[in-house]
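Fit chain B to the supplied structure of chain A, relying on the hints for placement.
2 protein chains.
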Amino acid sequence: MSYYIGVDIGGTNIKVGVVDEAGRIVGEADCPTGADRPQEVVLKDILKAVEDAISAASGVSRADIRAVGVGSPGAVDSEAGVVLYNYNLGWRDFAIGPLMSKALGLPVRLENDANAAALGEVVAGSARGASSAMVITLGTGVGSGFVIDGAIWTGYNSAACEFGHMVIAYGGRPCTCGRRGCFEAYASATGLINMTKEAMEAHPNSGLAELARREGTVSGHTPFAAADAGDPVAQRVVDEYIGYLACGLGNLINGLQPEVISIGGGIGKQGERLLVPLRRKVEEETFGERREGEKMTRLVSCTLGYKAGLIGAAMAARR
Amino acid sequence: MSYYIGVDIGGTNIKVGVVDEAGRIVGEADCPTGADRPQEVVLKDILKAVEDAISAASGVSRADIRAVGVGSPGAVDSEAGVVLYNYNLGWRDFAIGPLMSKALGLPVRLENDANAAALGEVVAGSARGASSAMVITLGTGVGSGFVIDGAIWTGYNSAACEFGHMVIAYGGRPCTCGRRGCFEAYASATGLINMTKEAMEAHPNSGLAELARREGTVSGHTPFAAADAGDPVAQRVVDEYIGYLACGLGNLINGLQPEVISIGGGIGKQGERLLVPLRRKVEEETFGERREGEKMTRLVSCTLGYKAGLIGAAMAARR
Numbered sequence: 005m006s007y008y009i010g011v012d013i014g015g016t017n018i019k020v021g022v023v024d025e026a027g028r029i030v031g032e033a034d035c036p037t038g039a040d041r042p043q044e045v046v047l048k049d050i051l052k053a054v055e056d057a058i059s060a061a062s063g064v065s066r067a068d069i070r071a072v073g074v075g076s077p078g079a080v081d082s083e084a085g086v087v088l089y090n091y092n093l094g095w096r097d098f099a100i101g102p103l104m105s106k107a108l109g110l111p112v113r114l115e116n117d118a119n120a121a122a123l124g125e126v127v128a129g130s131a132r133g134a135s136s137a138m139v140i141t142l143g144t145g146v147g148s149g150f151v152i153d154g155a156i157w158t159g160y161n162s163a164a165c166e167f168g169h170m171v172i173a174y175g176g177r178p179c180t181c182g183r184r185g186c187f188e189a190y191a192s193a194t195g196l197i198n199m200t201k202e203a204m205e206a207h208p209n210s211g212l213a214e215l216a217r218r219e220g221t222v223s224g225h226t227p228f229a230a231a232d233a234g235d236p237v238a239q240r241v242v243d244e245y246i247g248y249l250a251c252g253l254g255n256l257i258n259g260l261q262p263e264v265i266s267i268g269g270g271i272g273k274q275g276e277r278l279l280v281p282l283r284r285k286v287e288e289e290t291f292g293e294r295r296e297g298e299k300m301t302r303l304v305s306c307t308l309g310y311k312a313g314l315i316g317a318a319m320a321a322r323r
Numbered sequence: 005m006s007y008y009i010g011v012d013i014g015g016t017n018i019k020v021g022v023v024d025e026a027g028r029i030v031g032e033a034d035c036p037t038g039a040d041r042p043q044e045v046v047l048k049d050i051l052k053a054v055e056d057a058i059s060a061a062s063g064v065s066r067a068d069i070r071a072v073g074v075g076s077p078g079a080v081d082s083e084a085g086v087v088l089y090n091y092n093l094g095w096r097d098f099a100i101g102p103l104m105s106k107a108l109g110l111p112v113r114l115e116n117d118a119n120a121a122a123l124g125e126v127v128a129g130s131a132r133g134a135s136s137a138m139v140i141t142l143g144t145g146v147g148s149g150f151v152i153d154g155a156i157w158t159g160y161n162s163a164a165c166e167f168g169h170m171v172i173a174y175g176g177r178p179c180t181c182g183r184r185g186c187f188e189a190y191a192s193a194t195g196l197i198n199m200t201k202e203a204m205e206a207h208p209n210s211g212l213a214e215l216a217r218r219e220g221t222v223s224g225h226t227p228f229a230a231a232d233a234g235d236p237v238a239q240r241v242v243d244e245y246i247g248y249l250a251c252g253l254g255n256l257i258n259g260l261q262p263e264v265i266s267i268g269g270g271i272g273k274q275g276e277r278l279l280v281p282l283r284r285k286v287e288e289e290t291f292g293e294r295r296e297g298e299k300m301t302r303l304v305s306c307t308l309g310y311k312a313g314l315i316g317a318a319m320a321a322r323r
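Here the protein sequences come in this chain order: A and B. Going by our numbering, the first residue of the first sequence is number 5, and it counts up by one from there. Going by our numbering, the first residue of the second sequence is number 5, and it counts up by one from there.
Isolated chain A (complex conformation) (with noise of 0.2 Å):
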């Protein structure tokens, strides 16, 4: 049997799965991040939670491993394994790539995380066979993955897929990236946040503000609940987001028509409860008449939750 090993890093931890041909997780492993450390502290933790979780994975031995996927967040140079720079980990030419394939004396493929995940649940996971799929997730930011035939659209330069910072709305709220109104300030779970709070101030006696007080906090899971109870408020919240991630989602359709999307991240929990109204909206917002046998995009939950990106990178060493 062959085995490949997924590397997904993230903020805080690193996890480290052995994967099967079929995109099964046979045995895991993981570590802290601790991005500030030097790189080769890092290295040194990464593999050896690729140790540990090859010794995890029962009836598997070393031998039996043909190559590793890493899954990093940032600007990667997939052909050079090399993390150009990451913010958010205060990364910069980090070559995980060639640093892992000298130490494992085995073949790494480097690839930006958020594409990783979208391959992982092309694989394995909520848009399994599709012919192309498309995976948003709605977290802090709004990472997209583009997969065709089985290939992670990488682009001339292996940056594509920063989707997030599509600008949905000229001259609109700021975004991180130094855009003004990229679809990411809206439709993340953080620009939903944001949205929540000033409606809160607007109406600070309405159900939302009174829920938000009960619980001390304000997440994107607020505005639903208070929704669901009810308010008014809330509703209108909500309703607004899903204008906007309709909007983006529309745009990604009328341009490429994916078979699938997956929707992802903390946001996209919400499951049926944000599909249901989203699909109606999508609908409003796509290109072209709607008629009988019409092949439609199909805007579907995501499955495979944090074991995406692990599964995801694994599958991408195996090209």
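Be aware that one or more of the hints could be misleading.
[As the list claims (entries may be wrong)] Here's a subset of chain B near chain A, in silico, CB distances under 7 Å, partners left out:
{"id": "1", "residue": "Tyr160"}
{"id": "2", "residue": "Ala163"}
{"id": "3", "residue": "Phe167"}
{"id": "4", "residue": "Met170"}
{"id": "5", "residue": "Ile172"}
{"id": "6", "residue": "Tyr174"}
{"id": "7", "residue": "Gln261"}
{"id": "8", "residue": "Lys299"}
Everything labelled a hint here was simulated from the structure, so no lab data went into it. Cβ atoms here follow ideal geometry from the backbone N, Cα and C, with glycine treated the same way.
Okay, now just chain B, sitting in the frame of chain A:
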């Protein structure tokens, strides 16, 4: 030698060409579209133009023709060879592929015309040899085509690449498609003419307004000419236009990172007059750092003009 027929269906005329393997046109013919006539009458004229084009190609006999490619505006089903609907031509469910195939005894490939034009520019024009390229035509609308490794990206349902209907200004100018704030509503020649007319009304004594009165008309060329003559009102229109255009192109680059974006259509004829400030603005709009030697999408002008659609349709038939 193998040759291919390219058919480019326009609002007024249908152009037909015999194209060699290298994408060179070796014989041409055309006929009026007359789209309001019955489909079988239109078809008859196209078939006649095909025979005329073959006759016009010296040294080419009918037996040298391997396949036919047709580029049509509107929504097309490439698999079935059917123009699903086209509002401008008033066509609906025109099975042009099977009908032409039967009449000519040759395989026929149907593509959206903007997609075909993109392929033409990649095979034989401005994006020759690019691993991935996007062609954006700035005319009455904004056409777009995306070519990956020599193949047109048509998406799951062959309706992809309507990037003109990507919202860049949420709730903004109404678009012909029913959405508001589409890229097309700002970056098309129509969008520029609208901005120009608004500026003329607000500044009736401007050089821009004077030029338009003298010429008796407003075209996409008017604001560029008035700006070049030193009128600040016209310069502001040009700057505003380039801002919107750069916004949409920045979205496409952040998302897809094609090797080349070729700009065509009426406004594309401005060439470097448009591209020099546009490149500067796009650089501000794109994600990431500018680093020495970093691979960047090249912004160039289309070089094939109307021949792009014809050559591209023929080359689509080659595959």
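Results for each hint:
Of the supplied interface hints, the one on B:Tyr160 holds, with its beta-carbon coming within about 4 Å of a beta-carbon of chain A, less than 7 Å. Using the Cβ-Cβ criterion of 7 Å, the hint placing B:Ala163 at the interface with chain A is satisfied: the shortest such distance is roughly 5 Å. A hinted interface residue such as B:Phe167 counts as satisfied when its beta carbon comes closer than 7 Å to some beta carbon of chain A; here the least separation is about 5 Å, so the hint holds. Given hint, B:Met170 at the interface with chain A, holds; its Cβ is 4 Å from that chain's nearest Cβ, closer than 7 Å.
Hint on B:Ile172 holds. Least Cβ distance to chain A is approximately 5 Å, under the 7 Å limit. Proximity of B:Tyr174 to chain A holds as hinted, the smallest CB-CB distance being about 4 Å (cut-off 7 Å). Among the interface hints, the one on B:Gln261 holds; its C-beta lies about 3 Å from the nearest C-beta in chain A, closer than the 7 Å criterion. At a threshold of 7 Å, the smallest CB-CB gap from B:Lys299 to chain A is about 4 Å, leaving the interface hint in force.
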